[in-house]
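Asks: One line per chain: the protein sequences are A and B, in this order. For the first sequence, my numbering assigns the number 98 to the initial residue and increments by one for each residue that follows. For the second sequence, my numbering assigns the number 529 to the initial residue and increments by one for each residue that follows.
There may be inaccurate statements among the hints.
[Stated by the list, open to error] In silico negatives: residues of chain B with every beta carbon more than 10 angstroms from chain A:
#1 578
#2 597
#3 622
#4 649
#5 712
[Stated by the list, open to error] Using C-beta positions, here's what the derived DEER-type ranges look like:
#6 561(B) x 155(A): 50 to 60 angstroms
#7 156(A) x 680(B): 46 to 56 angstroms
#8 680(B) x 332(A): 47 to 57 angstroms
#9 263(A) x 666(B): 45 to 55 angstroms
#10 663(B) x 248(A): 52 to 62 angstroms
#11 163(A) x 680(B): 45 to 55 angstroms
#12 679(B) x 297(A): 49 to 59 angstroms
#13 332(A) x 684(B): 19 to 29 angstroms
#14 594(B) x 292(A): 26 to 36 angstroms
#15 332(A) x 679(B): 50 to 60 angstroms
#16 560(B) x 374(A): 50 to 60 angstroms
#17 248(A) x 680(B): 30 to 40 angstroms
#18 313(A) x 616(B): 30 to 40 angstroms
#19 381(A) x 555(B): 47 to 57 angstroms
No lab work stands behind these hints: they were computed from the structure. Glycine included, each C-beta is placed from N, C-alpha and C at the ideal position.
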Amino acid sequence: MALESLDVRRRSATETTSPSARSSVEVAKLIDVSRCIGCKACQAACMEWNDLRDRVGETRGTYQNPPDLSDQSWTLMRFREVELPGKGLAWIIVKDGCLHCADPGCLRACPAPGAVVQFSNGVVDFHEENCIGCGYCQAGCPFNIPRFGARDGKAYKCTLCSDRLAVGLEPACIKTCPTQCLSFGAKADMLRLAAGRVRELQGRGFEEARVYDPPGVSGTHVVYVLPHGDPALYGLPREAGISPLVTLWRSTFARGLGVVTMVSVLVAGFFHWMKVGPVDPDRRADRKEE
Amino acid sequence: MEGTLPPERRGFATDRPPDAIRRYSEAERLTHWAVALLYVALFASGLALFHPFFFWISALFGSPTTMRILHPFLGVSLAVLFFAYASRLWRDNLLLPSDRIWLRRMPGYMNGKDETPVEGKYNAGQKLMYWSMIAFVAGLLLTGLVIWRPYLAPSFGMTARRTAGLLHAVFGFVMFVGIGVHFYAAVWTRGSMRAMTRGWVTRTWARYHHPGWYRRMTGKVAE
Ligand code: HEM
Ligand code: SF4
Ligand code: SF4
Numbered sequence: 098m099a100l101e102s103l104d105v106r107r108r109s110a111t112e113t114t115s116p117s118a119r120s121s122v123e124v125a126k127l128i129d130v131s132r133c134i135g136c137k138a139c140q141a142a143c144m145e146w147n148d149l150r151d152r153v154g155e156t157r158g159t160y161q162n163p164p165d166l167s168d169q170s171w172t173l174m175r176f177r178e179v180e181l182p183g184k185g186l187a188w189i190i191v192k193d194g195c196l197h198c199a200d201p202g203c204l205r206a207c208p209a210p211g212a213v214v215q216f217s218n219g220v221v222d223f224h225e226e227n228c229i230g231c232g233y234c235q236a237g238c239p240f241n242i243p244r245f246g247a248r249d250g251k252a253y254k255c256t257l258c259s260d261r262l263a264v265g266l267e268p269a270c271i272k273t274c275p276t277q278c279l280s281f282g283a284k285a286d287m288l289r290l291a292a293g294r295v296r297e298l299q300g301r302g303f304e305e306a307r308v309y310d311p312p313g314v315s316g317t318h319v320v321y322v323l324p325h326g327d328p329a330l331y332g333l334p335r336e337a338g339i340s341p342l343v344t345l346w347r348s349t350f351a352r353g354l355g356v357v358t359m360v361s362v363l364v365a366g367f368f369h370w371m372k373v374g375p376v377d378p379d380r381r382a383d384r385k386e387e
Numbered sequence: 529m530e531g532t533l534p535p536e537r538r539g540f541a542t543d544r545p546p547d548a549i550r551r552y553s554e555a556e557r558l559t560h561w562a563v564a565l566l567y568v569a570l571f572a573s574g575l576a577l578f579h580p581f582f583f584w585i586s587a588l589f590g591s592p593t594t595m596r597i598l599h600p601f602l603g604v605s606l607a608v609l610f611f612a613y614a615s616r617l618w619r620d621n622l623l624l625p626s627d628r629i630w631l632r633r634m635p636g637y638m639n640g641k642d643e644t645p646v647e648g649k650y651n652a653g654q655k656l657m658y659w660s661m662i663a664f665v666a667g668l669l670l671t672g673l674v675i676w677r678p679y680l681a682p683s684f685g686m687t688a689r690r691t692a693g694l695l696h697a698v699f700g701f702v703m704f705v706g707i708g709v710h711f712y713a714a715v716w717t718r719g720s721m722r723a724m725t726r727g728w729v730t731r732t733w734a735r736y737h738h739p740g741w742y743r744r745m746t747g748k749v750a751e
């Protein structure tokens with residue numbers, strides 16, 4: 098979703114500096130999993146604000162509905178049942194969606210100029226009018242977030258309501274959450290709030306409680322409080338980071354190497370010709386007739 | 529295969545010497561040039577996706593999205609035509625013991641010394657080019673299929689897609705080197721280009737570059 102802006106930090110496939118006359122404070126959404134009751138108000142609010150309607154599907158025997166993120170479902174409550182050693186069964190509800198990485202793999206991988214844009218407040222937005230539908234953003238994302246429209250072949254994901262933020266509103270999901278599981282504000286404030294929640298949880302016996310703000314992607318602008326600690330219990334990678342294959346593929350080194358290879362072939366051909374000249378048996382001075 | 533053409537069958541190809549030797553059939557030539565055109569379109573569109581500096585190339589395909597949709601279809605067409613073409617040439621490209629000597633003396637040849645006599649229709653350099661092109665087209669096809677959205681990519685895992693994306697780019701550039709050498713060699717050895725554009729070579733050309741093949745085609749001994 099595009100909302101033209103003058104506070105662009107980075108654009109995909111763009112070598113020059115983007116418009117950045119303005120800058121704003123880094124923001125974050127805090128998802129405190131310990132407070133989520135799985136009511137899906139945020140999911141409904143996301144549909145409503147962004148005017149999205151997913152297909153009516155079939156039940157799979159859990160509350161999770163629809164079954165997965167899609168071009169029409171940018172946030173999804175995932176319902177997980179896990180056995181915690183010594184603590185018994187836990188029903189874990191995780192709000193899934195884009196984490197708005199400070200170092201976004203989707204943006205690094207994208208070949209289309211301006212199809213992925215990162216604003217100075219940390220929001221990573223897809224501008225579908227520039228998207229060519231190649232799917233590289235999926236390969237770049239460590240969290241398996243981008244999804245494609247079946248008809249338009251464009252990539253979609255949570256915008257962190259960049260259009261609402263631009264006019265001073267909080268994201269739609271934040272506005273509807275009834276339990277303060279979701280909070281929104283300056284990232285520094287959210288980290289402070291999260292640290293307080295973790296202390297409180299630890300006092301209540303969740304010794305492993307921790308904040309999830311993975312350093313592998315230089316932190317995220319969606320931060321979780323995980324009461325049981327281990328990210329894998331929540332379907333999140335323990336060591337989140339852009340795959341080294343993608344990093345190498347999109348590195349300045351690899352891109353430079355490609356260009357140097359091409360130029361070397363042209364230069365080598367040119368100078369070989371200048372040094373040796375053509376092989377032409379038909380025009381040899383010492384040519385013998387048969 | 530015909531050795532020489534009678535004048536009435538030479539038609540308007542007036543610069544064709546009456547004793548010219550045919551090197552490529554019409555079908556071979558047309559397939560070769562279809563592959564070459566597809567290659568240019570594929571490399572250009574791949575380059576636009578690889579480095580933002582070249583993204584403007586996508587405008588030549590109508591729009592970036594059109595280019596992205598076209599590229600894999602062009603790639604599959606190239607692979608089909610290339611393998612149809614290559615399957616006719618494999619026997620002539622089997623490596624022989626004499627190819628070692630040619631290769632050892634290749635640097636000298638490239639720097640102005642006379643070429644080492646070649647046994648078959650192709651010299652060792654051409655044969656290595658042939659086999660590496662087989663490998664790179666196969667590699668580009670396989671890795672390209674893995675990242676082909678929307679048709680095939682969703683059925684592969686992310687690690688496979690990431691690996692294929694990286695390898696596809698690597699193969700693309702190594703193949704560029706190969707095609708560069710191939711094209712330059714064709715221009716460098718005068719008379720070779722005509723073999724592929726018009727189908728024939730002069731007797732002198734054949735005697736000099738491929739004496740063994742010349743003997744087979746004409747029953748005469750070179751030099
Ligand atoms: C044989 C000559 C070919 C060349 C020179 C070539 C070159 C390239 C290059 C350089 C890229 C950009 C990679 C990057 O961004 O790093 C690319 C992308 C791609 N290639 Fe190829 N390729 C060839 C054949 C194929 C074939 C046979 C396929 C098979 C279907 C294919 C499918 C793709 C796909 C799917 C992409 C990703 C962009 C897209 O979705 O269109 N390519 N190619
Ligand atoms: S599919 Fe993803 S990587 Fe490709 S152009 Fe669209 S946003 Fe960029
Ligand atoms: S979570 Fe994925 S889609 Fe979201 S910013 Fe990070 S890499 Fe991009």
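Asks: Please test the hint of 30 to 40 angstroms on the beta carbon pair from residue 313(A) and residue 616(B).
Replies: Taking Cβ atoms as reference, residue 313(A) and residue 616(B) lie about 52 angstroms apart, which means the hint is violated.
Asks: Far enough from chain A: is every CB of that chain over 10 angstroms from the CB of residue 649(B)?
Replies: Nearest chain A Cβ is 17 angstroms from residue 649(B), so the label holds.
Asks: Just tell me: holds or violated, for the beta carbon distance of residue 263(A) and residue 666(B) against 45 to 55 angstroms?
Replies: holds, 50 angstroms
Asks: So does residue 156(A) sit 46 to 56 angstroms from residue 680(B), Cβ to Cβ?
Replies: The hinted range 46 to 56 angstroms is violated for residue 156(A) and residue 680(B), with Cβ atoms some 30 angstroms apart.
Asks: When you look at the beta carbon of residue 578(B), is every beta carbon of chain A farther off than 10 angstroms?
Replies: With a cut-off of 10 angstroms, residue 578(B) comes too close to chain A, as the shortest Cβ separation is near 6 angstroms.
Asks: Regarding the assertion that residue 712(B) does not contact chain A, is the least Cβ-Cβ distance greater than 10 angstroms?
Replies: violated, 4 angstroms
Asks: Residue 679(B) and residue 297(A), beta-carbon distance inside 49 to 59 angstroms?
Replies: Once the Cβ atoms are compared, 50 angstroms apart, the range 49 to 59 angstroms for residue 297(A) and residue 679(B) holds.
Asks: Given a hinted range of 47 to 57 angstroms, is it respected by the beta-carbon distance of residue 680(B) and residue 332(A)?
Replies: violated, 26 angstroms
Asks: Per the hint of 26 to 36 angstroms, is the separation of the Cβ atoms of residue 594(B) and residue 292(A) within bounds?
Replies: Violated: the Cβ-Cβ distance is about 50 angstroms, outside 26 to 36 angstroms.
Asks: Range first: 30 to 40 angstroms. Now tell me if the beta carbons of residue 248(A) and residue 680(B) are that far apart.
Replies: violated, 19 angstroms
Asks: Using Cβ atoms and 10 angstroms as the threshold, tell me whether residue 622(B) really stays out of contact range of chain A.
Replies: Consistent with the label, residue 622(B) stays out of reach of chain A, its closest Cβ about 25 angstroms off (over 10 angstroms).
Asks: Within 45 to 55 angstroms: is that where the Cβ-Cβ distance between residue 163(A) and residue 680(B) falls?
Replies: Given range 45 to 55 angstroms: violated, Cβ gap about 24 angstroms.
Violated hints, listed in ascending order, are 1, 2, 5, 7, 8, 10, 11, 14, 15, 16, 17, 18 and 19; each of the other numbered hints is respected by the structure.
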